[in-house]
Amino acid sequence: MRRKGDPIRGTDGVAPSTTLKELSHIKAVLLHAHFVWGKEIEHVIDESNKSMTDLRKARIVTKSKTRDHLPTSEELQALTNFFYKGWMRIKNAVPMHLIIWFAIYSGRREDELCSLCLPDYDKHHAQWLVRDAKHPDGSEGNHKYIHLEPKTIMLVGKFIEAETRKRMLELGYNEKLLIRKYSNRFKLLYKSMPTARY
Numbered sequence: 001m002r003r004k005g006d007p008i009r010g011t012d013g014v015a016p017s018t019t020l021k022e023l024s025h026i027k028a029v030l031l032h033a034h035f036v037w038g039k040e041i042e043h044v045i046d047e048s049n050k051s052m053t054d055l056r057k058a059r060i061v062t063k064s065k066t067r068d069h070l071p072t073s074e075e076l077q078a079l080t081n082f083f084y085k086g087w088m089r090i091k092n093a094v095p096m097h098l099i100i101w102f103a104i105y106s107g108r109r110e111d112e113l114c115s116l117c118l119p120d121y122d123k124h125h126a127q128w129l130v131r132d133a134k135h136p137d138g139s140e141g142n143h144k145y146i147h148l149e150p151k152t153i154m155l156v157g158k159f160i161e162a163e164t165r166k167r168m169l170e171l172g173y174n175e176k177l178l179i180r181k182y183s184n185r186f187k188l189l190y191k192s193m194p195t196a197r198y
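As numbered in our numbering, residues 1 to 198 make up the sequence shown, in order.
Be aware that one or more of the hints could be misleading.
Said to hold, decoys possible - Quick list of in silico lysine-lysine cross-link-like pairs, DSS-like style, CA-CA up to 30 Å:
id : residue 1 : residue 2
1  : 134       : 151
2  : 151       : 123
3  : 123       : 21
4  : 134       : 158
5  : 50        : 39
6  : 85        : 4
7  : 85        : 151
8  : 91        : 151
9  : 85        : 27
10 : 158       : 144
11 : 134       : 144
12 : 21        : 134
Think of the hints as simulated: they come from the structure by calculation, not from any bench. In this text the structure is predicted, and so the values were computed from the model without any measurement.
Construct all of the structure, not just a fragment, from the sequences and the given hints.
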């Protein structure tokens, strides 16, 4: 149920790496109980180890994909320049030069960024309501306010400028298409940089 999700409870399935992480936490508790509290649970720990081996072989649990390179300041500037030129040149471009920095300064996930609603922005308290934020028990109904730092608020101001907002509204909205389109463009551009490493 946890891995595949539960449509009745409205919970999404989790990735194999998430399952591995959660099982690792359970193992840590078992080891603590054995060594610190003196609980006689060697057989439980043995069964846990065997189960983990089987789950790995079946690829039900796996390690998460690792990133071996974080973009440098120069690379981020190159990305910003690239997308800004596109925004100035192409009428139906998305303002990725703003979105990049909003993602960095807000620290939110792709789907959370794409689902932010302007009426949920509270300028007075410098916060924005994230609806259905990711949570182990299910994201539906898990609404959380996020605090916005001054640089993030400055970017929000750029998004709601009349011309930028008008152009964004004309684009329509398709979260999956937006993420796929710009993920592919990021990869192509990033790989073309001499300092990029994968």
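Consistency of the hints with the structure:
1. 134 - 151: Given that 30 Å is the threshold and the Cα spacing comes to 24 Å, the pair holds.
2. 151 - 123: Answer holds: residue 151 to residue 123 is near 13 Å, not above 30 Å.
3. 123 - 21: Cα-Cα ~37 Å, so violated.
4. 134 - 158: 27 Å, holds
5. 50 - 39: 20 Å, holds
6. 85 - 4: Measuring from Cα to Cα gives roughly 42 Å; hence the hint is violated.
7. 85 - 151: 22 Å, holds
8. 91 - 151: With Cα atoms ~26 Å apart, residue 91 and residue 151 stay inside 30 Å; holds.
9. 85 - 27: 51 Å, violated
10. 158 - 144: Holds, at about 23 Å.
11. 134 - 144: 10 Å, holds
12. 21 - 134: Roughly 16 Å separates the two Cα atoms, so the pair holds.
Going down the numbered hints, you'll see the structure goes against 3, 6, 9, while the others check out.
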